[in-house]
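Novice: The lines below spell out each chain.
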Amino acid sequence: MEFCFLRILKLTMKVLVMLLLFLGNIKNSTAYFSSSSEATMHTNNWAVLVCTSRFWFNYRHMANTLSLYRTVKRLGIPDERIILMLADDMACNARNKYPAQVFNNENHRLNLYGDNVEVDYRGYEVTVENFLRVLTGRHETAVPRSKRLLSDEGSHILLYMTGHGGDEFLKFQDSEELQSHDLADAVKQMKEKGRFKELLIMVDTCQASTLFSQLQSPGVLAIGSSMKGENSYSHHLDSDVGVSVVDRFTFYTLAFFERLNIYDNASLSSLFNSYNPNLLMSTAYYRRDLYQRHLEEVPVTNFFGSVMETIHTDSAYTSLTNKNFGGAKTKTFLGQSFSSSDINSVRNSDDEDQFNNLTAEEDQHDEAGQCIFCAMDSGHLWSFILGNVITHESVDFFVCYGLVLMLPLLVFSTWLSL
Amino acid sequence: MTKKKKVQWFWMWVIGSVTLRLILVYFPRNLNLSSRPEVSTPLTSLRRLAEGYWLKRSSMSPYAGSMYHGSPLLLTFLGPLTVTRIEGQPDQLLCSLVFVIADVISATLIRAAGRSLQAAYSSSLKVIGLHQLSETSEVLPSGDFAALVYLWNPFTIIACVGLSTSAIENLVVVLSLYGACKRLASLAAFGWVLATHLSLYPSILIIPVILLLGYGPDAPPRKLFQQRIKLEVGNSSSIGSNNLKEELKDQSSVLKVFAWRLVVHFFIWILLWSSYVLVLCGIYLQKHGGLQELYRRTYGFILTIPDLSPNIGVLWYFFAEVFDFFRSFFLMVFHGNILLMIMPLALRLNHRPCFLAFVYIVISSLLKSYPSVGDSALYLGLLGLFSYELKDIRFSFLLFAGYVGVSLLSPVMHNLWIWRGTGNANFYYATAIAYALFQVALVIECVNCMLNHDRMVTKLTTTKLKDAKS
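Each protein sequence line maps, in turn, to chains W and S.
So that you can map any letter, position 25 of the first sequence is 25 in the working numbering, and since no number is skipped, the others follow by simple counting.
So that you can map any letter, position 294 of the second sequence is 712 in the working numbering, and since no number is skipped, the others follow by simple counting.
Do not take every clue at face value.
[What the hints assert, rightly or not] Residues from chain S that keep clear of chain W, each with C-beta distances beyond 10 Å, as calculated: (1) Phe495; (2) Leu551; (3) Ala603; (4) Gln644; (5) Phe676; (6) Gly718; (7) Phe741; (8) Ser805; (9) Asn833.
[As the list claims (entries may be wrong)] Part of the chain S face toward chain W, derived, beta carbon under 7 Å: (10) Thr494; (11) Tyr702; (12) Tyr717; (13) Ile720.
In case anyone wonders, no lab produced these hints; they're calculated from the structure.
Cβ coordinates follow ideal geometry from the N, Cα and C atoms, glycine included.
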């Protein structure tokens with residue numbers, strides 16, 4: 001009997017320990033997940049657009065990247081947050097019949113290389129090493145800021161790669177390869193360094209979806225233009241320029257985006273569902289197991305644009321200490337969590353309440369410490385000054401009072417010495 | 419008669435100058451005058467004051483970041499005015515109004531000081547027996563003239579419209595001189611304390627103010643009075659009236675003796691006012707380093723000149739372009755130059771303390787660390803007070819043309835250097851040197867002319883005495 005009892009006891013102990021560990025793990029992992037994606041707020045958007053092919057007959061890869069560049073800029077991401085890497089120069093290529101112009105359609109409606117194109121890595125600077133350095137942020141000291149991906153843990157990054165690729169690799173400059181595990185390692189480093197909140201990888205090459213097969217970091221969404229064993233095809237040939245000018249996947253992506261403007265909130269799922277395998281002549285495969293949110297809820301401008309909420313205030317030089325901290329205004333402010341513990345304000349909330357109670361008549365938006373306030377009820381003023389001389393407003397009032405008092409003192413003293 | 423006519427026209431001219439300033443204020447963004455280096459320096463710029471005010475309201479020291487380097491009292495006074503905006507009116511309208519009012523008050527103070535100066539001078543000329551000279555000295559009301567010169571001087575208008583706090587600095591300097599002319603110790607002390615507090619250089623005006631309080635306003639050299647008294651005593655002794663002799667002896671004692679009581683009162687009032695001002699500043703800055711921080715950031719900034727942005731002075735070029743290695747040496751040379759000139763000028767011109775103040779102001783605005791056109795506005799206005807003595811000034815047209823030329827060329831050279839890039843710092847510094855040269859020429863000429871006037875008066879008196887004796 002006792003032996004049975006002991007056995008049962010041991011068993012229950014084991015079960016309890018296992019339960020505790022299991023729960024602890026879950027708690028940890030949920031904490032990890034929640035700390036990664038829910039605690040930080042989405043503050044900015046970045047885009048890294050890479051074209052990896054050189055030579056004139058790879059015109060379409062350049063046009064792909066430039067089309068995405070144009071879209072992303074049109075929807076709001078500024079040049080400071082776009083890293084554009086173009087492996088060759090098509091616009092000023094000797095074989096370009098239209099110098100300084102790059103088209104992605106044979107109707108030549110859009111000049112993608114018009115004004116305002118800022119290329120960060122050009123020509124032979126587009127290497128696997130530089131690409132990985134951009135992603136992980138491990139640069140030499142002399143690299144300028146415009147060539148760095150300066151994202152933080154609140155950034156959403158769009159990573160678009162196009163060129164020639166294959167099973168688990170992407171070809172750079174016809175001489176080297178980026179392999180899928182390199183990309184996965186780089187993304188893992190980025191996650192550990194807190195360089196992104198969410199990452200969307202879009203690849204337009206042959207067998208594109210093999211490139212992100214090794215990814216394991218949470219918060220990453222990836223879509224490729226074709227699956228393993230499939231090629232991605234160009235859309236059409238421009239007989240005037242002489243080469244194919246755009247790839248199918250990018251063409252239909254652009255067709256989706258050209259209907260949008262900065263205010264639309266089309267979701268990612270509508271984007272991903274818009275790819276028709278018959279038209280693409282390949283299957284656009286996307287990977288969403290690492291991405292927590294539902295694709296119907298995520299607007300495309302979370303990655304492809306930069307929609308920021310702006311709050312209009314009337315006064316010019318209002319200090320933060322004068323605003324209501326818990327007010328509705330600061331809640332919707334995209335990004336910085338304005339909790340009162342974050343701001344290094346000297347003022348106590350108690351004093352603020354006291355001050356607010358004392359000067360209940362005044363408008364909350366007026367600045368404190370104006371000389372005009374010296375015309376206030378002097379009884380309140382004196383009691384306040386005598387009460388706590390240390391707080392800010394009383395100091396300002398006191399000095400203001402003292403300054404104003406100088407004049408009658410002067411008149412009196414002059415009268416005395418007359 | 420002449421004075422009465424001038425009074426009507428005087429107030430019309432004042433109103434005209436105020437209207438002109440208001441018209442200029444309503445131009446878009448004050449004609450961008452506040453961005454000119456000749457107008458706004460790191461010490462007088464209103465934009466920096468607004469920044470300091472914002473910093474203070476964000477619970478930081480107003481001197482953080484090396485933007486604001488002025489007095490905390492100005493911050494309390496002008497700070498709220500920089501932030502209040504009235505619908506439909508230009509920005510900084512209230513501050514511009516404050517500066518316009520300061521200019522008008524300075525002009526009235528100059529006028530009153532000029533009146534008392536002129537009255538005292540003509541009466542002292544009468545005492546030494548030059549009645550004709552005394553009457554000619556009263557023909558032109560120099561007080562009104564100086565006030566109108568001050569108001570209508572383009573430099574003053576530019577400094578006022580360009581939102582430079584030099585209008586207030588000039589006001590307190592003029593206030594102290596006025597108080598001293600009227601022998602009001604507390605007013606003079608107030609003006610001097612505030613002027614020193616706002617910018618360091620008016621501290622050298624303590625000597626002319628003491629002399630003004632002690633001996634009274636400008637007068638011919640004192641030995642002439644003694645000669646006259648001796649002559650009168652001699653005459654009266656020959657007539658033989660003892661009472662008259664004693665009266666004249668009293669007169670002589672009054673003229674010779676320095677009014678020590680008034681000066682002691684002056685020092686007591688200086689102590690009172692300066693402690694008042696310092697206590698207020700200390701309370702204002704108690705969380706941000708107190709008075710030491712104040713001195714480090716205001717006086718320390720003025721004396722060590724860390725900000726080398728170009729201005730119309732002569733110092734920035736030395737440190738920026740030429741001699742950073744000898745920085746301390748040049749700082750000592752330039753500031754010592756001001757200090758070394760104090761004693762000799764005081765000894766030579768101690769009978770004319772108001773003129774001495776004028777010379778000190780010219781020298782300090784020439785050699786100060788961050789000069790602006792507001793400083794020239796002050797001394798050019800005060801120049802009008804001595805229009806009678808300086809009527810024989812030589813090179814007046816050359817100096818006038820020089821001032822006009824420099825004030826026109828200096829913005830051009832600045833534009834060529836900074837905006838177009840076709841010039842370099844030497845272009846701009848050349849105009850700064852020319853400006854300094856013209857100021858030096860002006861002050862030398864003025865002192866020369868004043869001394870010639872004194873010599874003329876001495877000669878006339880001695881000839882009269884000789885005639886009287888013989």
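Novice: For each hint, tell me whether it holds in the structure or not.
Specialist: Hint check results:
1. With a closest Cβ-Cβ approach of about 6 Å to chain W, Phe495 of chain S is found to fall inside the 10 Å limit, against its non-interface label.
2. The beta carbon of Leu551 of chain S is kept farther than 10 Å from every beta carbon of chain W, the shortest such distance being approximately 31 Å.
3. Taking the minimum C-beta to C-beta distance to chain W, about 6 Å, the non-interface status of Ala603 of chain S is violated against the 10 Å cut.
4. No beta-carbon of chain W comes within 10 Å of the beta-carbon of Gln644 of chain S; the shortest separation is about 29 Å.
5. With a cut of 10 Å on Cβ distances, Phe676 of chain S stays outside the contact zone with chain W, its closest approach being about 18 Å.
6. Every C-beta of chain W lies more than 10 Å from that of Gly718 of chain S, the closest at about 22 Å, which supports listing it as non-interface.
7. Against chain W, the non-interface label of Phe741 of chain S holds: every CB pair exceeds 10 Å, the least being about 32 Å.
8. Residue placement check: Ser805 of chain S keeps its beta carbon more than 10 Å from all beta carbons of chain W (closest about 28 Å).
9. At the 10 Å boundary, the C-beta of Asn833 of chain S stays outside the reach of chain W, the nearest C-beta of that chain being 29 Å off.
10. With a cut of 7 Å, the hint placing Thr494 of chain S at the interface with chain W holds, because the nearest CB-to-CB distance is about 5 Å.
11. Annotation: interface hint on Tyr702 of chain S holds; nearest CB of chain W at approximately 5 Å, less than 7 Å.
12. Interface restraint check: Tyr717 of chain S against chain W, minimum CB-CB distance 20 Å, threshold 7 Å, status violated.
13. At a threshold of 7 Å, the smallest CB-CB gap from Ile720 of chain S to chain W is about 22 Å, leaving the interface hint violated.
Hint check: violations occur at hints 1, 3, 12, 13; the rest are consistent with the structure.
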